[in-house]
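Take the given structure of chain A and dock chain B to it, following the hints.
Chains A and B are the protein sequences, given in the same order. All letters in the first sequence, in the order written, are residues 1 to 359 by my numbering. All letters in the second sequence, in the order written, are residues 1 to 311 by my numbering.
If you are wondering where the hints come from, they were derived from the structure by calculation, not from laboratory data. A portion of the hints provided could be inaccurate.
Stretch-level coverage of chain B by chain A, calculated; a stretch enters the list once three of its residues show a Cβ under 8 Å from a Cβ in chain A [said to hold, decoys possible]:
1) 80-94
2) 101-111
3) 233-240
4) 276-290
Only some residues are given here: those of chain A computed to face chain B with a beta carbon under 7 Å [what the hints assert, rightly or not]:
5) F84
6) L135
7) V141
8) M149
9) I159
10) I281
11) D323
12) I324
13) A335
Ideal Cβ placement from N, Cα and C applies to all residues, glycine included.
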Amino acid sequence: MKINSQKKINLLVDCVKMLMIVAIACALVSLIVFAVSDDPLNAIYNFFVGPFTTLRRVGNIVEAASPLMFTALAVVIIFGAGQFSMIAEGSFFIGTAGAMVVAITIGMPAGLHPIVAILFGGILGSIVALIPALLKMKWNVSELVVSLMLNYVVQFFVIYLVTYFFREMESSSLCSVLFQDTATLTTILEGTRIHTGVLLGVAACIVMWFLMYRTSFGTSLRITGDNALFAKYAGLKVSGIMVAAQAIAGFLAGIGGGAELLGMYTRFKWTATPGYGWTGIVVALLARRNPLMVPLSAAFIAYMNVGADIMARNSDVGREMVDIIQGVMMLLIAADALLQGWRQRMIIKAAKAEEEVSV
Amino acid sequence: MSVLQNILSTEFIYMWIRVATPILLAALGAMVCSKAGVVNLGLEGIMLISSLFGVLCSAVGGNLFWGFVGGVGSALVVSVIFAYFHLVLNANATLCGTAINTAATGLTIFVLQLATGEKGNSSSLHSFSFPNVEIPLIRDIPILGDILSGHNTLTYLALLMVLVCYLLMYKTPLGLRMRVVGENPHAASSVGQNVVKIRFIAIVLCGVLTGLGGMYLSMGYMDMFVRDMVAGRGFIALAACSMGQATPIGALVSSLVFAFFDGLSNVLQVLQLPSQFVQMLPYVATIVGLTIFSIQKSIRAKQKMNKIKAG
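Just chain A, same shape as in the assembly (with noise of 0.2 Å):
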């Protein structure tokens, strides 16, 4: 049968599992709110409907998704050549302390700044993603847990360089001193906080798409992730790919913390790593793996994710109930076999109407 009907089909079957959950999981939202509010239809409507009433919520929808397109394409890259490390989070992290480090201490003209501020995170990012890959490759270590851990040594690293080197002393909390002017991202939106750093990381989408597809290195990643042994038969250098994979996804991490701190804030306020990385997973397999879907999927839970406060704030009910839907929502795209079956009949009816044709 032709490789192009069952294309057809897989894409189709993709989408309606996709619409399936997103449908399952307002079904979820509406069903948890009405088990625990005493005012339903008040918080369904701030959550559905809220973060559309005004500009600076559409904003903050856009300003959400920004840092989640950085994770979620790292996630991408990681799981495409069939690793499992989860070092997004750190490299995220670092990324942010990278950016802080150059945005406070060296003088730089506006318009160069910011540029060298988030390369030097996303240079961060990527050694700091290297370390559970290099691991791997040298000794097989465990890729999963060294990463996690290695997560936990770059928050309390970067905390350190905050408390101990670039402290608001007057501050009673801890954060650091104020950027120079000259490092902050500009707003490109009126009313609203959007800056530079999303339209890099559509770019940054657009670039990684334009790699895993139309590029040799591409295919060869894309081949390593699907079936490693055959790729190493086919003569590809495996552990090389799934090396550079892992640099170019701690390189996107880094530059993507980079980012969010020149974009949003004027100094560095976090007390722990933000779960960025973790919420990237969630962005990644709503995008099916495909950079160019993850800018869609990103502003899909960043809508959740807004619409969450804003209910919280006007209503009884939590934003956690969130993450609980996002957890629902994992669950769901990660089970190969929803639906299985409704393809595996569409792929043999195809085959049998095309052998009747050729007949």
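Just chain B now, with coordinates in the frame of chain A:
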């Protein structure tokens, strides 16, 4: 000097065992799963959920028994969900685990807020804890008594579980089946073993052990639930399991090593080191330990290959 004195004190060793308990229980769970060929990243979430539901059920039920039922029961429910999605719906185990952790963080805070009206901790509830046990005879031995006696019930249960897990894995048909399924699922199914069923049992057993670890946190180590109180112990248990080469004794030793560095970080705070470096210590130790083990393993594998080639 003072650091060394601190480490050699009975209080330090007593604390050491206390800190090791939840990690040991979860690491034993991870061991069972890992032997059957399943990487259970959901340990973190399972611990969190059982620590909350243990507290809630003991407060509602009015005694420890219901707390125990609630804690283990909730861990079982989550494990069955994990097992169903992983084994029946073919979802990747790592993704399933991540999903469970994500949902657990939200669910525990959400339910806590519903039950108490607060998001921080369950101090307003009157919940029950597992009692400490003074062991007769041992209690009266001068130094050893202070170290070994007076621990929480679950601590002794955890040590007992090391033995139980050892017997289960190496002395029973079920243990043999689990190991075979983990080693080579295709070979196991070709001789008529039901891989899905055996892995299902492994995941459920893991859930019970991990649930006990979670309950220890909120009903032993502390006497209330605090949001995000698991704080990476599930991940650490996973690391302890792989550092211990997925054996019960290995899990015990690595949990103790990890807890030692954790305890050490408390002691070292007298030294005026930046506290962040001290807090980093257990995680760095895990990475280094795991790497050393893996290097040894790869050297051994190479030697074996050379022998085969030579012979």
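Hints, one by one, checked against the model:
With 8 residues having a beta carbon nearer than 8 Å to a beta carbon of chain A, the region 80-94 of chain B meets the requirement of three or more and the stated coverage holds. Chain A is given as covering the region 101-111 of chain B, and this holds because 9 residues of the stretch bring a CB closer than 8 Å to a CB of that chain, at least three being needed. Under a criterion of three residues with beta carbons nearer than 8 Å to beta carbons of chain A, the stated coverage of the region 233-240 of chain B is upheld, 4 such residues being counted. Beta-carbon proximity to chain A at under 8 Å applies to 9 residues in the region 276-290 of chain B; the threshold of 3 is reached and the given coverage holds.
Taking 7 Å as the C-beta contact cut-off toward chain B, the hint placing F84(A) at the interface holds, the least distance being around 5 Å. Interface restraint check: L135(A) against chain B, minimum CB-CB distance 6 Å, threshold 7 Å, status holds. Annotation: interface hint on V141(A) holds; nearest CB of chain B at approximately 4 Å, less than 7 Å. Contact between M149(A) and chain B, as hinted, is supported at the beta carbon level, the nearest pair being about 4 Å apart and thus within 7 Å.
Because the smallest distance between the Cβ of I159(A) and any Cβ of chain B comes to about 5 Å, under 7 Å, the interface hint for this residue holds. Annotation: I281(A) was flagged as interfacial toward chain B, and the flag holds, the nearest CB pair being 6 Å apart, inside 7 Å. A least Cβ separation of about 2 Å between D323(A) and chain B falls short of the 7 Å threshold, and the interface hint therefore holds. Against a cut-off of 7 Å between C-beta atoms, the interface hint on I324(A) holds, since the closest Cβ of chain B lies about 4 Å away.
A distance limit of 7 Å between C-beta atoms decides the matter here; for A335(A) the minimum to chain B is near 4 Å, and the interface restraint holds.
This entry satisfies every hint, going by the numbered hints stated previously.
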